[in-house]
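Assemble the dimeric complex from its two separately framed chains, guided by the hints.
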Amino acid sequence: GAVVSQHPSWVICKSGTSVKIECRSLDFQATTMFWYRQFPKQSLMLMATSNEGSKATYEQGVEKDKFLINHASLTLSTLTVTSAHPEDSSFYICSASPQPKGWREQYFGPGTRLTVT
Amino acid sequence: GNSVTQMEGPVTLSEEAFLTINCTYTATGYPSLFWYVQYPGEGLQLLLKATKADDKGSNKGFEATYRKETTSFHLEKGSVQVSDSAVYFCALSDGYGQNFVFGPGTRLSVLP
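Chains as they are written, first to last, in our numbering: chain B, 22 to 138; chain A, 277 to 388.
Only chain A is shown next, with the shape it has when bound in the complex (with noise of 0.2 angstroms):
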């Protein structure tokens, strides 16, 4: 079956670090992809999607790009704040868009 594979948390950054949160996935056909926030206490909130091969998605100075290749959809921001602090899920679904699969989450903290 489909599956989704972070990085190990917690990761601890300064502030204006440089992030990358690796997400590799398992999955047939052709998944679309997603990363998701949830801060402390509340739901997922999407923060950025990409649905097919090579495409980028962005929001917010977050990146990631769709790597059919390398089965890979890595989270990156160039300058993170300390409201970046929160859990962040890498998730995929199927073609038409259910079967949702999620990470295990990778919390992530801003020290200024």
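Only chain B is shown next, with the shape it has when bound in the complex (with noise of 0.2 angstroms):
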């Protein structure tokens, strides 16, 4: 139990365009989703929090109106990189929390490879 699933696992853009990436709880309701970016051989670092239905709060320094996070039900939530440059080339990483409060884990998705040229 308590799989999450990414889509795509890997994507090429080119510089200017969209792209949006899916992350979903399987086998449970995520209440809360986390997105984190992962440079290559550097950690994880949180870019947003989303609770379901309501808008993410972004850590500091990421540009909200860049990384769009939508957390539309309880079982899927969607990164869209907007106009994307080859520096937001990364790995995208998503996890799960199936309750806000007193659960005391994240299930973590398998990533994502955004490369753009």
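Bear in mind the hints are in silico, worked out from the structure with no lab data behind them. Please note: incorrect hints may appear among the correct ones.
[To be verified] Examples of chain B residues toward chain A, derived with CB under 8 angstroms:
hint	residue
1	Gln127
2	Phe129
3	Pro131
4	Gly132
[As the list claims (entries may be wrong)] List time: in silico SDA-like cross-link candidates among lysine to any residue, alpha-carbon distance up to 20 angstroms:
hint	chain 1	residue 1	chain 2	residue 2
5	B	Lys62	A	Met283
6	B	Lys62	A	Pro286
7	B	Lys62	A	Ala362
8	B	Lys62	A	Val287
9	B	Lys62	A	Ser279
10	B	Lys62	A	Arg383
11	B	Lys87	B	Ser110
12	B	Lys62	A	Glu284
Virtual Cβ for every residue (Gly too), placed ideally from N, Cα, C.
Below you can see the structure in the form of structure tokens.
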């Protein structure tokens, strides 16, 4: 149980275009989902926290208008990278938490590798 | 704020050697502690966890004990295998399973 999937696993897009990444909790309802970014050979950096039905909370330094997050249902959150540039190339990982409080674990997706040419 | 410090890698060991990856943390309250493993090109997999002081997490031969007095959660394995080659992340969360903070990761290479 507690499986989180991401789609696509790998995407290449041209500079200036937008790309959407989906994060789904397959066997539980995720009240809260998290989006992380990982640069090569570095640790994960939290980008934003999204709660179902409300606006995402972005970490300091993360551009809200560039990284659009939508958490429309209890099993799906999407991250849209708008007007992508080569510096946006990275590994994006989502995680999901079954409950807003009282649960001590997040379940991580397999990640999406974005390459912007 | 909360933080996690890990020993810098890369760590290179021969097969069947003993492994220790140090992890120390700074946190307020009563955090939960985790070790995650990331194989090349993949996402994170939970390796083990501990939710309160003196708890020992264990999985696949790996162990770590939540030491509140030393604010540590060192990862150990008695005999590593080539298949253990990966990046290991120490992490903590607050008491509600949120506000995850990851260490920088330690790359382990096990040679046959």
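Outcome of the hint check:
no.: 1; hint: Gln127; result: 6 angstroms, holds
no.: 2; hint: Phe129; result: 4 angstroms, holds
no.: 3; hint: Pro131; result: 4 angstroms, holds
no.: 4; hint: Gly132; result: 4 angstroms, holds
no.: 5; hint: B:Lys62 - A:Met283; result: 15 angstroms, holds
no.: 6; hint: B:Lys62 - A:Pro286; result: 11 angstroms, holds
no.: 7; hint: B:Lys62 - A:Ala362; result: 11 angstroms, holds
no.: 8; hint: B:Lys62 - A:Val287; result: 14 angstroms, holds
no.: 9; hint: B:Lys62 - A:Ser279; result: 19 angstroms, holds
no.: 10; hint: B:Lys62 - A:Arg383; result: 9 angstroms, holds
no.: 11; hint: B:Lys87 - B:Ser110; result: 13 angstroms, holds
no.: 12; hint: B:Lys62 - A:Glu284; result: 12 angstroms, holds
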